[in-house]
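Student: Sequences listed follow chains A and B, in order. The numbering of the first sequence is our numbering, which starts it at 1 and goes up by one. The numbering of the second sequence is our numbering, which starts it at 1 and goes up by one.
Please note that a few of the clues may not be correct.
Computed Cβ-Cβ distance ranges for the label pairs, DEER-style [said to hold, decoys possible]:
id	chain 1	residue 1	chain 2	residue 2	range
1	A	Leu172	B	Glu207	33 to 41 Å
2	A	Pro258	B	Phe62	18 to 26 Å
3	B	Ala38	A	Asp42	37 to 45 Å
4	A	Val111	B	Gln26	15 to 23 Å
5	B	Ala38	A	Leu172	56 to 64 Å
6	B	Arg120	A	Leu88	26 to 34 Å
No wet-lab data here; the hints were simulated from the structure. Every residue, glycine too, gets a C-beta built ideally from N, C-alpha and C.
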Amino acid sequence: MTTASPTLKRARRLMQPTAAILLTVLLLGVPFMIIIFTAGKDQGAALNPDLSPPATWQLWSNLATVLDEGNMVQALFGSLLVMVPSVLLVLVLGSLASWILARRSSRSMAVLYALAISGIVLPPAVVTIVLLLRQLGLAGTAIGMISVYTGMYLSTVIFFVTGFIRTIPMELEEAARMDGAGPFRVFWKVIVPLLTPTLATASILICLYIWNDVFYALFVIGGRIDTLPLNLFDVASAGLYLQRWHMIFSYIILMSLPLLTVFVFLQRKIISGITSGAVK
Amino acid sequence: MTTTLLPARRKDQPRDARLADRRSRQDHPSWFLWPALAMLVIFFFTPTIYNFVYAFTDWSSFKSEIGFVGFDNFVKLLQNGSLLSDLRVTLIYAILVAIFQNLFGLGLALVLERDTRINRFARAAFFVPVIMSALAVGYVFQAILKPDGVLNNFLTTLTGGEVSIPWLGSTTWTIVVVAIIHAWKWMGLSMLIYLAGLKTINEEVIEAAQLDGAGYWRIFKAVRWPLLAPAVTFNFATALLGSMNGFDIVQATTAGGPGGSTELLNIFIFRTFGQGLFAQATAMSLVLFLVVALLAFPVIIYLRRRERVL
Numbered sequence: 001m002t003t004a005s006p007t008l009k010r011a012r013r014l015m016q017p018t019a020a021i022l023l024t025v026l027l028l029g030v031p032f033m034i035i036i037f038t039a040g041k042d043q044g045a046a047l048n049p050d051l052s053p054p055a056t057w058q059l060w061s062n063l064a065t066v067l068d069e070g071n072m073v074q075a076l077f078g079s080l081l082v083m084v085p086s087v088l089l090v091l092v093l094g095s096l097a098s099w100i101l102a103r104r105s106s107r108s109m110a111v112l113y114a115l116a117i118s119g120i121v122l123p124p125a126v127v128t129i130v131l132l133l134r135q136l137g138l139a140g141t142a143i144g145m146i147s148v149y150t151g152m153y154l155s156t157v158i159f160f161v162t163g164f165i166r167t168i169p170m171e172l173e174e175a176a177r178m179d180g181a182g183p184f185r186v187f188w189k190v191i192v193p194l195l196t197p198t199l200a201t202a203s204i205l206i207c208l209y210i211w212n213d214v215f216y217a218l219f220v221i222g223g224r225i226d227t228l229p230l231n232l233f234d235v236a237s238a239g240l241y242l243q244r245w246h247m248i249f250s251y252i253i254l255m256s257l258p259l260l261t262v263f264v265f266l267q268r269k270i271i272s273g274i275t276s277g278a279v280k
Numbered sequence: 001m002t003t004t005l006l007p008a009r010r011k012d013q014p015r016d017a018r019l020a021d022r023r024s025r026q027d028h029p030s031w032f033l034w035p036a037l038a039m040l041v042i043f044f045f046t047p048t049i050y051n052f053v054y055a056f057t058d059w060s061s062f063k064s065e066i067g068f069v070g071f072d073n074f075v076k077l078l079q080n081g082s083l084l085s086d087l088r089v090t091l092i093y094a095i096l097v098a099i100f101q102n103l104f105g106l107g108l109a110l111v112l113e114r115d116t117r118i119n120r121f122a123r124a125a126f127f128v129p130v131i132m133s134a135l136a137v138g139y140v141f142q143a144i145l146k147p148d149g150v151l152n153n154f155l156t157t158l159t160g161g162e163v164s165i166p167w168l169g170s171t172t173w174t175i176v177v178v179a180i181i182h183a184w185k186w187m188g189l190s191m192l193i194y195l196a197g198l199k200t201i202n203e204e205v206i207e208a209a210q211l212d213g214a215g216y217w218r219i220f221k222a223v224r225w226p227l228l229a230p231a232v233t234f235n236f237a238t239a240l241l242g243s244m245n246g247f248d249i250v251q252a253t254t255a256g257g258p259g260g261s262t263e264l265l266n267i268f269i270f271r272t273f274g275q276g277l278f279a280q281a282t283a284m285s286l287v288l289f290l291v292v293a294l295l296a297f298p299v300i301i302y303l304r305r306r307e308r309v310l
C-alpha cells in the first residue's frame, strides 16, 4: 500500500468520482433523456422512443396538448382533493393517538400499538373496502377515498411518531403540567412543536404514496373522480394502442413536476428526515 | 435498616402503582386515541374481516343477493390453476425485487459514500425515481424494452448483428426484467438507508482494522457488513413485503403477461374485480393477506435475530 506510485494513487482517487458519474449517467441520464427527447417530438418521430434529439422541438406544444386532452387541470384538482385532507387527517389523528400510545405503558396499550402499526405490512382488503363504502354510501366519493387512505396510512404515522415521542423526556411535560396545563395544552404546547421534523418526514412519505397511487384509486374512485395517475392510466391505455409515446411521456413529465419541484427545494431535509427515521 | 424498610415498601407499592396509573390516565386521556382507532377499525380492520366472510360467498355484479357457497371460490381458483400460479409468481417477484433492490441500493451507497459535491448530487438524483409514479416508470421502460426499442437498437449497433430480444415477451425471463425495473425505481430509498447505516459505524473500528492491514473488501466483509444488519433488516423486509403488494409497474409493463407469467395476485384481483366476479377477487385478496401475514412475522423475527447475534 505504502509503495504505490503517485500515478497509481491518482488513478485510484479518480476512480470513485468516475464511477459515480458513470452510474448516474447510465442509470438515470439515459432514461430521463429518452423521456424528454420523446416528449419533444412529433408522433411519427416518437414511434420508437430513443436517444436521438428531436429534429424540431415541440415540447411546449406537446405539453399544452396533453394538458388539455388529458384533462390534467381537472385531474390535478382531483389529486389535491383526495391528498390534502388525507394527509392532514392522518397527521392529526396519528399524532394524537401516538402520544397516548407512547406514554401509557399498560399491556392493553401494547396490544393496541401492535394492532395500530400492523397496517404497515398487512395489505388492505381492497375489494371489500368497495363493499363497505357502498354500505356507508361513500362509494366513488372523495370522502370515501380520503377515509380509505387515512385508514391505510395511519399505521405509518403512528409508527414514526410513537417512536419519536418515546425519546422526548417526560420532564418536559411535567414542567408544563406544574404550571397547570391540561392534557390538550401539554400536547399542543410541548409535544407538537417537537414533532415538526418527524411529521414533515411522515407527510412527505404519505404525499408520495397518495400522489402516485393508482391501485386503490382504481377500485374506490375509478371513473368517478379524476386523479393524475388515474388519467395517466387512461391516456396510456389509449395512447399505447395508438403508439402516441410523445403524449404519454409529456403527461409523465407534467405529472412528476409538482413533487419534483418540492423535492428540489427541500431535498436535504427530505433525505436526512427519511434516513434518520429508518435505522435506529 | 433494609429489613424494616422492605416490608413497608412492599405494602405501599400497589397503591403507588395504582396512583401512578390513575395519574397517567388523567395526564394522557384515552379519548386522544379514539378518532384514530375509529378510522382504523372502520376503514382498515372491517374490510379485512369482510375478506374472511365474502371470500366464501357468491358476491358478484351479476346478481343482487349474496349467498354462502363455502370453499367454492377457492376450489375454482385451484382448479383453473390461477391460485397456485399467481401465488408462485408473486413470491418469486417479491424475492427478486428484494435481492435486486438491496444489491443496487448497497452498491450505490458504497460508491457514493464519501461526502463530496458529485456524490451529494448523485444521491439526490437517484432519489428522483423514488418520487416518480410507478405507473409512469413502467410505461417508460415499456418503451425502452420494446422489441424494436432503444435497448435492442443499442445492442444491435454494439454487436453488429440484429438483436431483437423480447425483454417483455418471455414467459421465463420477463419476471426478472420487471423485478429489476421495480428495483430501479426504489433503489434510491434503499441507498439512503444504507448510507445512514454506514454513517453509524464507528470510524475507530475501521481504522483499527486498517492498522491490522485489512484491505477494503476484507473490512467490508468482516466489519461493515455485519454492522449494517439493522439497515439490511429494514430494506429487505420493506422491499419483500412491499412488492408482495405490487401492482403498478407490472400493470404498466406487461399487465400480467405473457401467458400470465407475471400475473401478481393484485393484477388478478384488479382484473377479476373488473369482470364483476367480486367474490373470486375477494378470495384472492384473502390469500394475499394471509400470505403476507404469515411471511411478515418470520421474516422480521429472523432478520432481527440475525442483528442480535452480531
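Student: Now tell me, hint by hint, if it's right for this structure.
Tutor: Quick rundown of the hints versus the structure:
| no. | hint | verdict |
| --- | --- | --- |
| 1 | Leu172(A) x Glu207(B): 33 to 41 Å | 38 Å, holds |
| 2 | Pro258(A) x Phe62(B): 18 to 26 Å | 41 Å, violated |
| 3 | Ala38(B) x Asp42(A): 37 to 45 Å | 54 Å, violated |
| 4 | Val111(A) x Gln26(B): 15 to 23 Å | 22 Å, holds |
| 5 | Ala38(B) x Leu172(A): 56 to 64 Å | 29 Å, violated |
| 6 | Arg120(B) x Leu88(A): 26 to 34 Å | 32 Å, holds |
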